[in-house]
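Student: What follows is each chain in one-letter form.
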Amino acid sequence: MASPLPAFVSRRRPDWDALQALLTRQRSGRLRLEELRRLDTLYRRAASDLAQAQTFYPGTDAHRFLNQLCGQAYGAIYQPPRERWASTRDFFRRDFPATLRREARFVGVSAGLLVLGLVLGALVVLLEPRGAELLVPEGVRRYVAQGRMWTDDLLSVAPPNAVASGIATNNLTVTLFAFASGILLGVGPVFTLVNNGVLIGAVGALCFREGMAVGFLDFIAAHGPVELSIIVISGGAGLMVGQALIDPGELPRTQALQMRGREAVKLVVGCAPFLAGIGVVEGFISPGDFFPTWAKVGLGLSLGALFWLYLLRAGRTDVGAARVDVPDDSASSRLR
Amino acid sequence: MTPSAPAPHVDVATPERVALSLPVAGIGYRCLAWAVDASLLFFFWVALYFVVTLLVSDVLGAFQALSGLVQTLLAVGLFATQWLYWTLAEVFFHGQTPGKRALRIRVVREDGSPVGFFESAVRNLCRAVDFLPVMYATGCITMLLDARHRRLGDLLAGTVLVREEAIDLDKYTQGPGPAGPAREPASVQRPLGAEDVELVLAFLARAPGLEKDVRQRLGARLVDRVGAALTEEERARVLESPEATEAFLRHRAQAAH
Numbered sequence: 001m002a003s004p005l006p007a008f009v010s011r012r013r014p015d016w017d018a019l020q021a022l023l024t025r026q027r028s029g030r031l032r033l034e035e036l037r038r039l040d041t042l043y044r045r046a047a048s049d050l051a052q053a054q055t056f057y058p059g060t061d062a063h064r065f066l067n068q069l070c071g072q073a074y075g076a077i078y079q080p081p082r083e084r085w086a087s088t089r090d091f092f093r094r095d096f097p098a099t100l101r102r103e104a105r106f107v108g109v110s111a112g113l114l115v116l117g118l119v120l121g122a123l124v125v126l127l128e129p130r131g132a133e134l135l136v137p138e139g140v141r142r143y144v145a146q147g148r149m150w151t152d153d154l155l156s157v158a159p160p161n162a163v164a165s166g167i168a169t170n171n172l173t174v175t176l177f178a179f180a181s182g183i184l185l186g187v188g189p190v191f192t193l194v195n196n197g198v199l200i201g202a203v204g205a206l207c208f209r210e211g212m213a214v215g216f217l218d219f220i221a222a223h224g225p226v227e228l229s230i231i232v233i234s235g236g237a238g239l240m241v242g243q244a245l246i247d248p249g250e251l252p253r254t255q256a257l258q259m260r261g262r263e264a265v266k267l268v269v270g271c272a273p274f275l276a277g278i279g280v281v282e283g284f285i286s287p288g289d290f291f292p293t294w295a296k297v298g299l300g301l302s303l304g305a306l307f308w309l310y311l312l313r314a315g316r317t318d319v320g321a322a323r324v325d326v327p328d329d330s331a332s333s334r335l336r
Numbered sequence: 001m002t003p004s005a006p007a008p009h010v011d012v013a014t015p016e017r018v019a020l021s022l023p024v025a026g027i028g029y030r031c032l033a034w035a036v037d038a039s040l041l042f043f044f045w046v047a048l049y050f051v052v053t054l055l056v057s058d059v060l061g062a063f064q065a066l067s068g069l070v071q072t073l074l075a076v077g078l079f080a081t082q083w084l085y086w087t088l089a090e091v092f093f094h095g096q097t098p099g100k101r102a103l104r105i106r107v108v109r110e111d112g113s114p115v116g117f118f119e120s121a122v123r124n125l126c127r128a129v130d131f132l133p134v135m136y137a138t139g140c141i142t143m144l145l146d147a148r149h150r151r152l153g154d155l156l157a158g159t160v161l162v163r164e165e166a167i168d169l170d171k172y173t174q175g176p177g178p179a180g181p182a183r184e185p186a187s188v189q190r191p192l193g194a195e196d197v198e199l200v201l202a203f204l205a206r207a208p209g210l211e212k213d214v215r216q217r218l219g220a221r222l223v224d225r226v227g228a229a230l231t232e233e234e235r236a237r238v239l240e241s242p243e244a245t246e247a248f249l250r251h252r253a254q255a256a257h
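Chains A and B, in that order, give the protein sequences. Quick note: the first sequence uses UniProt numbering, first residue 1, plus one each step. Quick note: the second sequence uses UniProt numbering, first residue 1, plus one each step.
Among the hints, erroneous ones may be present.
[As the list claims (entries may be wrong)] Partial selection, computed: residues in chain B whose CB lies under 8 Å from chain A: (1) Val18; (2) Leu22; (3) Tyr49; (4) His94; (5) Val108; (6) Gly116; (7) Leu152; (8) Glu165; (9) Tyr172; (10) Thr173; (11) Pro208.
Since the hints were derived computationally from the structure, they do not count as laboratory data. Built from N, CA and C at the ideal position, the CB exists for glycine as well.
Put together the whole structure using the sequences plus the hints.
Tutor: Here it is in structure tokens:
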């Protein structure tokens, strides 16, 4: 028979206090080796105390205290491996491009949706001039009506560069939202992709009608290819999430969601540094006329080509290519 | 005390073959923690605003030419507030942002193990959707519907927020009060069960703050519950004053010492 609760607590309490003190120190800094060993020993003792409390004193404060103490120690001991530089390098060298190639179908569908939007937007504005009033934001239309690019003011001193800075932050929001809104049954990415496609198509067509096609090309050429690719990739990631919700296969929905979510977020996280880099291009090279149009077009095309060359080739020939740690029978193969 | 309805919790089976069950943080804790974090970020932005204003309104106008750079910095800063702050804090401070630390809650995976970079990245990227349309309306509705108070980002990342309680173990080990008059009758009775001990100790902890007659009445009911073998005159002696009653109860709760 178990000893009475107060006796149990006062007998075992020194160990618990020691464990708690060690955990506080572990959180704030480093422990020496012997202290780590002691932490391990104390954790095991506390775990057996918890088992005893579960049996003889369920529902008491002592039980809840031990529960919490063991939970904290468990968290401290079973830490996930720290992400080090080597694993970051590995991620960009192999994992990210490989994931993209594995999920190429989703990225393809996503690209299709964006192109669909582009074509629709351009057709509407080209066939029906008044369509522009519906599809193109008013600020942009005012600029185009004056025969000026709205981006000309990006580097000037005058305040109305709000439009351009809106475009810059817009890219970030669009990228994040295209992924995250996948959780709304995939409706979010579809909407984001088509909507942005329509916007770009309509603005482009309007510029073309007004004889400003060169100006539009001048602004969009340097960063457009990479930036649209990134939006397409994160839209594909969003579609992966949506697909896991609609068709989880044999798994429960939440579990399918988590599995696909981990894969999908690799695509988004992998895009992040490229998004930052292309943001710099968009901020400094695209607006204004410091660079001639042909240089911008050349830069944009070569950046885009390099980006896709990296995505399609990187890590393909490495030894690591054999190491496929994702079950292949997950959702992607069922899309066929 | 034992709660009447089981509160939501995360069950963990450790490799040591012990079942942990961690209490889940409810919507109130989460909102408060968010409010703390949001105000921190707000003050960060205010400070940054003044620094940038000082720099940009420079006399020479040298920074005016760099307004493109400032805008890029703003975009990066926005990204940082939206995502970097939360993710880095959760990854490097054991699942706690400063706000979560203040409220003593913590992000863990659904199996109770600490969050890694990818989980944290997912749940914080989804902030954008949970925020829709305003002020976390989507997130709050999901939290109210989900049994474990998870928002969409948590569902996608497979994470959950657990709560740490401040539990005082001192009440078990407080020394017995002034030598109790009921020493002999208590010694012949068998020790109490864990539930009765909890009940008595909870009463003893609260007794000094109770109204006089409530204190007397509750004490008498507890004496009747835990001191069944008392004779009539012993009982009368124990109930003479609140001090005597509580000394008897304390002695009963710690009978095994």
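Student: Hint by hint, say whether it matches the structure.
Tutor: Hints versus structure:
With its C-beta approaching chain A no nearer than about 5 Å, Val18/B sits inside the 8 Å limit, and its interface hint holds. Annotation: interface hint on Leu22/B holds; nearest CB of chain A at approximately 5 Å, less than 8 Å. With 8 Å as the threshold, the beta carbon of Tyr49/B stays out of range of chain A, its nearest partner Cβ sitting at about 15 Å, so the hint is violated. At a threshold of 8 Å, the smallest CB-CB gap from His94/B to chain A is about 6 Å, leaving the interface hint in force.
Because the closest C-beta pair between Val108/B and chain A is about 7 Å apart, less than 8 Å, the hint holds. Interface hint status for Gly116/B: upheld, as the beta-carbon distance to the closest one in chain A is roughly 4 Å, under 8 Å. Because the beta carbon of Leu152/B sits about 5 Å from the nearest beta carbon in chain A, less than 8 Å, this interface hint is met. Annotation: Glu165/B was flagged as interfacial toward chain A, and the flag holds, the nearest CB pair being 6 Å apart, inside 8 Å.
A cut of 8 Å between beta carbons decides the hint on Tyr172/B: the least distance to chain A is about 4 Å, and the hint holds. Given the 8 Å rule on beta carbons, the hint for Thr173/B holds: about 5 Å separates it from the nearest Cβ of chain A. Contact between Pro208/B and chain A, as hinted, is not supported at the beta carbon level, the nearest pair being about 19 Å apart and thus beyond 8 Å.
Checked against the numbered hints listed earlier, the structure breaks hints 3 and 11; every other hint is satisfied.
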